[in-house]
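Residue numbers (our numbering), protein chains in the order written: chain G, 1 to 542; chain S, 1001 to 1140; chain H, 2001 to 2098.
In case anyone wonders, no lab produced these hints; they're calculated from the structure.
Hints may contain errors.
[What the hints assert, rightly or not] Below, simulated BS3-like cross-link-like pairs (lysine-lysine); rule was C-alpha separation at most 27 Å, straight line: (1) K470(G) to K2002(H); (2) K1058(S) to K165(G); (3) K221(G) to K1136(S); (4) K427(G) to K2002(H); (5) K37(G) to K1136(S); (6) K2002(H) to K471(G).
[Said to hold, decoys possible] With beta-carbon atoms standing in for the labels, derived distance ranges: (7) I2054(H) to A28(G): 24 to 32 Å; (8) E2061(H) to K1058(S): 27 to 35 Å; (9) G258(G) to Q1025(S): 31 to 39 Å.
Think of the CB as a built atom: it goes at the ideal place given N, C-alpha and C, for glycine as much as any other residue.
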Amino acid sequence: MYKYDNYDQAMVNARVAEFRDQINRRIAGEMTEDQFKPLRLMNGLYLQLHAYMLRVAIPYGTLDSRQMRMLAHIARKYDRDYGHFTTRQNIQYNWIKLEDCADILEELATVEMHAIQTSGNCIRNISSDQYAGAAADEVTDPRPWAELLRQWSTFHPEFSYLPRKFKIAVIASSEDRAAMRLHDIGLELVRKDGELGARVFVGGGMGRTPMIAPEINPFVKADDLLSYLEACLRVYNRYGRRDNMYKARIKILIHEIGADAYRRQVAEEFAHVKTLGIDPPLAELERISAFFTPPAYDAANVEPDRKDPDFALWLDQNVKPHKQAGYAIVNISLKPIGGIPGDATSKQIDVMADLAEKYSFDELRVTHAQNIVLPYVAKRDLYAVWQALRDAKLADANLDLISDIIACPGLDYCSLANARSIPVAQKIATRFADMDRQRDLGELKLKISGCINACGHHHAGHIGILGVDKKGVENYQLTFGGSGAEDVSIGKIIGPGFDEDGVVDAVEKATEVYKALREGDERFVDTYRRVGLEPFKEAIYG
Amino acid sequence: MVEFRYRTDEVTEQPSVTLDAFLDQSNATAVRLEPDDDARALIPFLDRLTLIEVAFPKFRDGRGYSAARILREAGYRGELRAQGDVLVDQIAYMRRCGFDSFAPESSLNPDAVARALANYDHAYQGAADSVVPIWKLRHG
Amino acid sequence: MKLLTGNDLGSGAVTWWTGNGWSIHVEDAADVGEHGEAILHAEEGARRVNAPYIIDALPTENGPRPAHIKDRIRALGPTVRTDLTLKPADPAAGDWII
């Protein structure tokens, strides 16, 4: 994975010093909160329901054991001994003090980590495929491109006061494991006549008005990409709406002027920007790519012993095939039944760091489903890995099953929320605690958001739950049929909302309808797409 | 009031006119752009202008950053001024986008401005200034 | 009743105006009545509170109870981590919030 050179380290160090100075000026009263807010947001610091919340960047979801241990250390020293992994592959700490923040960032900088642009109306963390470098279906490893984009977008002087936040995802396979089409810009790396380039999608997003990004350009060459993105961003910065923050994302601009008009404007701007010489030479992408070569694989192709039935169940559910014979991709579930989705204690974080160092060529990934991946585990080591995970309560064999819930922090933590999301996740997981029942239901991606900002990605859930405020009381709307994968679709609200217990019952009834009507190996979402809403509605609303 | 100016030539005496007034055949040499004005409308007239003032009614509205770069990219060499809700912490990005004078509504501490401009020795991306981006330093 | 609440600038802790200072305990919160805005501006200006605002609450025998569940969660802590709330050992805390 990427390693900073002196320039990268100097940039992060300078940012720490700059923000420390800004914090001191805020505390001394030289800045109002209104003036300070965009600055602290551009350093990932929110003022949340209980305290300040710090969102630390994990660039394209990749980190090593040293960095993971630092995250555990931050949780212990400055927070309440746990962290929350997010739907954008970052980590959040909920109990941060402003007066500690500069020290935290200084410690993070010693292991090449930061909280730069994890919030604010600027370009955010570039996300990517959690199986990058290990998946057989990728055209190339997308992460060097993500790193190139990370550097280009960091402290970009023209695009730091955009109409709204800007999220970019990069993948390199036709299977979309990063919800790429639901980003402001989604890039799919492809080959054309032997050359690598990006298929560019612009204008996706969730939130109040979910939209799937249309394709704006079928192929942009590697050495045109930054100019092209610069053009995309400049058109947005100039013409994105600034009158209404709920209509300020680029998806609204493209929806209002149309993809064709946007494409034309970008093409014009690109023709101009290309003359400025801002694209790095291919040598820079090559330099970065050299950090992402395959690890020194050395294991023979040995199938693990399936004697232990619990191990076998975990193997079948959480472990995925690897492009390299003898190896496997391990998914670590952060969704224990009845637990808080995406949370890990500092001790669990340390366990995962140790496992990565010992068994995964010192690398981990964070997924947008709030789980962790060990991308390079030799099959001969799988049993030892599973045992260690089991001892740390990280071995739930529920990947992509109904209890593998994506949930935002919700009203328990977030000042934007209208309803609590975590208790709903806990109740649903507990209702379906029987693993045989879960496996029988199969792949069922359930996602919960505590408000319309949709940080829980509920629009992209096979079953989505949206918490709303109904005259001061928490209420939950149910949606069916969404997907963030390559079969991308936006979920549809099925009818009137429910209270907390009501929505759990409704979900259960929906799964009963699915079981009664499914054909062949249809998933829940396939059955829903085939039979439509009526049978579900009838069962749920009677 | 212009508080910070990074040019050696004389300050223009002319008051700035609006873009509409300028395009309406004015002889003015100083123009003021509002956030929703199209900076490119000035491109045919850049060698006539000694001052372009870009308004920042609210610091969060970042359209002026694009206007500035567009003007510099088109070859404008006159004074490019950021006026309005301009705070210390935006000055460095504004300089990178090509602004060389600043007329903030509220007075700024000169030491804070100097510190803000000296924070970063390098930049990752090319902009309207002469800073050599890091990728270029890496590859010569 | 009206309560004035905000966060401590340096620590981020949720605080409540008591009548002559700030407390992290909502039981200490005073009814600011019509004077909320004036106190808010004075305290914010003096940097004794950050991001203050006024909420509705009902008086109870155990002290003020904020009218909206969001403010009650803010007053005590997350319902899903009672160990992290201001009253980890209080079995009635959950009901008070919900």
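The hints, checked one at a time:
1. K470(G) to K2002(H): It holds: about 22 Å lies between the C-alpha atoms, which stays within 27 Å.
2. K1058(S) to K165(G): holds, 17 Å
3. K221(G) to K1136(S): Distance of about 19 Å is within 27 Å: holds.
4. K427(G) to K2002(H): violated, 35 Å
5. K37(G) to K1136(S): violated, 33 Å
6. K2002(H) to K471(G): holds, 19 Å
7. I2054(H) to A28(G): 24 to 32 Å: holds, 27 Å
8. E2061(H) to K1058(S): 27 to 35 Å: Given range 27 to 35 Å: violated, Cβ gap about 48 Å.
9. G258(G) to Q1025(S): 31 to 39 Å: holds, 35 Å
Checked against the numbered hints listed earlier, the structure breaks hints 4, 5, 8; every other hint is satisfied.
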